[in-house]
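Chemist: Residue strings, one per chain:
2 protein chains.
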Amino acid sequence: MQDCDSSGIDQRFQVRRLELLDKRKGFIELLQQLTVCDSVTDKDFEDRFKELSSLGDDHVIAVIEDEQSGMIVATGSVFIEKKFIRNCGKVAHIEDVVVDANTRGKQLGKKIVGFLTDHACSTGCYKVILDCNVDNKTFYEKCGFKQKEVQMVKYFI
Amino acid sequence: MQDCDSSGIDQRFQVRRLELLDKRKGFIELLQQLTVCDSVTDKDFEDRFKELSSLGDDHVIAVIEDEQSGMIVATGSVFIEKKFIRNCGKVAHIEDVVVDANTRGKQLGKKIVGFLTDHACSTGCYKVILDCNVDNKTFYEKCGFKQKEVQMVKYFI
Chain A
1405 MQDCDSSGID
1415 QRFQVRRLEL
1425 LDKRKGFIEL
1435 LQQLTVCDSV
1445 TDKDFEDRFK
1455 ELSSLGDDHV
1465 IAVIEDEQSG
1475 MIVATGSVFI
1485 EKKFIRNCGK
1495 VAHIEDVVVD
1505 ANTRGKQLGK
1515 KIVGFLTDHA
1525 CSTGCYKVIL
1535 DCNVDNKTFY
1545 EKCGFKQKEV
1555 QMVKYFI
Chain B
1405 MQDCDSSGID
1415 QRFQVRRLEL
1425 LDKRKGFIEL
1435 LQQLTVCDSV
1445 TDKDFEDRFK
1455 ELSSLGDDHV
1465 IAVIEDEQSG
1475 MIVATGSVFI
1485 EKKFIRNCGK
1495 VAHIEDVVVD
1505 ANTRGKQLGK
1515 KIVGFLTDHA
1525 CSTGCYKVIL
1535 DCNVDNKTFY
1545 EKCGFKQKEV
1555 QMVKYFI
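Going down the list, the sequences are from chains A and B.
Residue numbering for the first sequence follows the numbering used here, beginning at 1405 and increasing consecutively.
Residue numbering for the second sequence follows the numbering used here, beginning at 1405 and increasing consecutively.
Honestly, the hints are just simulated from the structure, not real lab data.
Any given hint could turn out to be false.
Just so you know, same-sequence chains aren't split out, so a pair can sit in one copy or run between any two.
[Said to hold, decoys possible] List of simulated lysine-lysine pairs, DSSO-like, C-alpha gap at most 30 Å:
{"id": "1", "residue 1": "Lys1447", "residue 2": "Lys1552"}
{"id": "2", "residue 1": "Lys1541", "residue 2": "Lys1454"}
{"id": "3", "residue 1": "Lys1447", "residue 2": "Lys1541"}
{"id": "4", "residue 1": "Lys1550", "residue 2": "Lys1454"}
{"id": "5", "residue 1": "Lys1531", "residue 2": "Lys1447"}
{"id": "6", "residue 1": "Lys1546", "residue 2": "Lys1454"}
{"id": "7", "residue 1": "Lys1541", "residue 2": "Lys1515"}
{"id": "8", "residue 1": "Lys1487", "residue 2": "Lys1454"}
{"id": "9", "residue 1": "Lys1427", "residue 2": "Lys1487"}
Here the structure is a predicted model, which means the values were calculated and not measured.
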């Protein structure tokens, strides 16, 4: 079935928060398209899910479920860092944004980032930041972001 | 008084976690050397301090107090992000590293970053990341970091 207009797409692909049952809807397999992510046991998934849920609005994982297939086809997360600078301000960090390779070209990435950015704004953050590959810079510019700094990393394993 | 050897410096400048009384030792004034940070009331400071302390090892602010002057002369923070990727892995984020302009050249920045990095490693993170100005890239390379991605930002205020 082909989507003929954007309202059809809007109805078919809605953003919501991650739910425990999303593990059965391909959530982990979607993350595997992003980076290393072996299969996770139901127990480990539930433990991490509860741990993150207990943080409430301070850590939100957004997903888009394809209403047609019942599969999770896009995700991204945001967490709120509390600081002393900027008058005890808060900064939102967007992480782990991925759209299923077979569901691209429907602006789902933009929808996820928009949802996470709105969350950051509504929780009173003074800015939202993310690190990305240079290849994805243009995408994030379309989402209203600008390049500012460089990311440095040190791996332990 | 001049420091004549590194062991003298080590004794005079020791890293420890932030304490409530550090507000009176110039902690906020030090942050003002980093970025916008108006004066914070004792109540706001205490509230944020308690909020962050409740996160335990998941959010640590390190400081160096100059044993001679009793002032806080360096600081940096690290928080632990819990993920589903990398087999429910954890990533440490280093933020807000600053050394007092009058106390530079004593490797205090390296000491703070080392403390935060050790914390990240000991809490089981698979990597530690930070965003910095291009001008500070060389410093972080000396601390064992490598440039990987670019940071994108969107300001709300």
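Chemist: Name the hints, by number, that the structure is in violation of.
Modeler: As far as the earlier hints go, 1, 2, 3, 4 and 6 are violated by this structure, in ascending order.
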